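*Asks:* The primary structure of each chain is shown beneath.
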Amino acid sequence: MKSAKLTNPMCRAHKLPMGGARRASAAMMAMLGCGLAAGCISVSAPDKPIVIELNINVKQEVIYRLAPGAQNTIEENSSIF
Amino acid sequence: MKTGFTRAALAISAAVLAMTGIAAPALAQRDPAYEAARQSGKVGEKPDGYLGIVSGGDAALQKLVNDINIKRRALYAQKAQEANATLEAYALTAGCLAIARTAPGEKYQTPDGKWMTRTSTAPIRDPRCP
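The listed protein sequences correspond, in order, to chains U and V.
With the working numbering applied, the first sequence closes on residue 81, and no number is skipped along the way.
With the working numbering applied, the second sequence closes on residue 130, and no number is skipped along the way.
Incorrect hints may appear among the rest.
To be verified - Here are the simulated lysine to any residue pairs, SDA-like style, with alpha carbons at most 25 Å apart:
1. V:114 with U:74
2. V:42 with U:20
3. U:59 with V:128
4. U:48 with V:113
5. V:63 with U:79
6. V:71 with U:64
7. V:42 with V:73
8. V:63 with U:77
9. V:114 with U:42
10. V:114 with V:41
11. V:63 with V:113
12. V:71 with U:62
13. U:59 with V:82
14. V:71 with V:53
As the list claims (entries may be wrong) - Pulled from the structure, derived: some chain U residues nowhere near chain V, Cβ distances all over 12 Å:
15. 39
16. 42
17. 74
18. 80
Quick caveat, the hints were computed from the structure, so don't treat them as lab data.
Model, not experiment: these values are computed from the prediction.
Idealized CB from N, CA, C, for every residue including glycine.
Can you build the whole structure from these sequences, using the hints too?
*Replies:* Encoded structure:
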């Protein structure tokens with residue numbers, strides 16, 4: 001005779017933690033999945049140094065603002081331009 | 001006492017000479033060696049506002065280019081500060097203009113680093129150039 005409870009505990013509400021063989025096989029499957037389907041994002045260090053082009057930060061509007069003055073500067077120092 | 005005075009006078013005249021010596025070429029035209037190097041295409045204008053050696057180049061040419069670039073950098077730094085801009089922005093602007101004013105036959109560098117000979121047509125410059 002079943003004991004009277006509010007819910008019938010036919011199944012456990014929570015699964016027991018994975019253990020032993022089950023854990024090992026899950027890990028194997030995960031690794032296999034990565035290898036076969038290339039479903040994992042692989043990150044590798046670039047072989048070339050990362051160059052950040054600082055000039056790209058110079059905005060066109062700045063260049064336009066500086067241009068008239070720079071033109072004078074060049075003309076006044078024409079020996080080095 | 002007299003020697004002291006003479007020494008001071010000499011120092012002052014030397015200083016005056018040095019100052020005028022520096023100031024005078026600033027308004028003058030290019031040094032003949034620099035002019036020759038430009039015309040022969042040994043040196044050219046780079047988009048970053050500095051002079052570059054197109055190919056090879058001996059020690060004398062390297063020194064000439066370095067000297068000019070040091071002077072340019074000092075000038076850019078001063079003018080950039082006055083204009084409340086960065087040195088890079090000012091140098092880049094000057095580079096735009098320096099490439100634009102190259103004479104046909106002179107060399108300039110494109111934004112992707114290739115050396116080109118200036119023709120009568122417009123040079124290939126950074127798209128931000130005015």
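*Asks:* All hints are to be evaluated individually against the structure, with a verdict given for each.
*Replies:* Structure-based check of each hint:
1. Straight-line distance between C-alpha atoms of residue 114 (chain V) and residue 74 (chain U) comes to about 24 Å, which keeps the hinted pair within the 25 Å bound.
2. A threshold of 25 Å between alpha carbons decides the hint, and for residue 42 (chain V) with residue 20 (chain U) the separation of about 74 Å lies outside it, so the pair is violated.
3. Among the hinted pairs, residue 59 (chain U) with residue 128 (chain V) is consistent with the structure: their alpha-carbon atoms are about 7 Å apart, no more than 25 Å.
4. Our distance criterion of 25 Å between C-alpha atoms is met by residue 48 (chain U) and residue 113 (chain V), whose separation comes to about 18 Å.
5. A distance of roughly 16 Å separates the Cα atoms of residue 63 (chain V) and residue 79 (chain U); the hinted pair therefore holds under the 25 Å criterion.
6. The hinted pair formed by residue 71 (chain V) and residue 64 (chain U) meets the criterion: a straight-line CA distance of about 23 Å does not exceed 25 Å.
7. Between residue 42 (chain V) and residue 73 (chain V) the alpha-carbon distance is near 21 Å, which keeps this suggested pair within the 25 Å criterion.
8. With a CA separation close to 19 Å, the supplied pair residue 63 (chain V) and residue 77 (chain U) stays within the 25 Å bound.
9. Of the pairs offered as hints, the one joining residue 114 (chain V) and residue 42 (chain U) is violated, with about 35 Å between alpha carbons and a cut-off of 25 Å exceeded.
10. In summary, the hint linking residue 114 (chain V) to residue 41 (chain V) is supported, as the alpha carbons are separated by about 13 Å, within the 25 Å threshold.
11. Straight-line distance between C-alpha atoms of residue 63 (chain V) and residue 113 (chain V) comes to about 22 Å, which keeps the hinted pair within the 25 Å bound.
12. Between residue 71 (chain V) and residue 62 (chain U), the direct Cα distance comes to roughly 23 Å. Compliance with the 25 Å bound is thereby established for this hinted pair.
13. Taken as a hint, the residue 59 (chain U) and residue 82 (chain V) pair is honoured in the structure, with Cα atoms around 18 Å apart against an allowance of 25 Å.
14. Note on residue 71 (chain V) and residue 53 (chain V): the hinted pairing holds, with a Cα-Cα distance of about 16 Å set against a maximum of 25 Å.
15. The Cβ of residue 39 (chain U) lies farther than 12 Å from every Cβ of chain V, with a closest approach of about 38 Å, so its non-interface assignment holds.
16. In this structure residue 42 (chain U) is separated from chain V by more than 12 Å, as the shortest Cβ-Cβ distance comes to about 31 Å.
17. A Cβ of chain V approaches the Cβ of residue 74 (chain U) within 12 Å, the least distance being about 6 Å, so the stated non-interface status is violated.
18. At the 12 Å boundary, the C-beta of residue 80 (chain U) falls inside the reach of chain V, the nearest C-beta of that chain being 5 Å off.
Checked against the numbered hints above, the structure violates hints 2, 9, 17 and 18; every other hint is satisfied.
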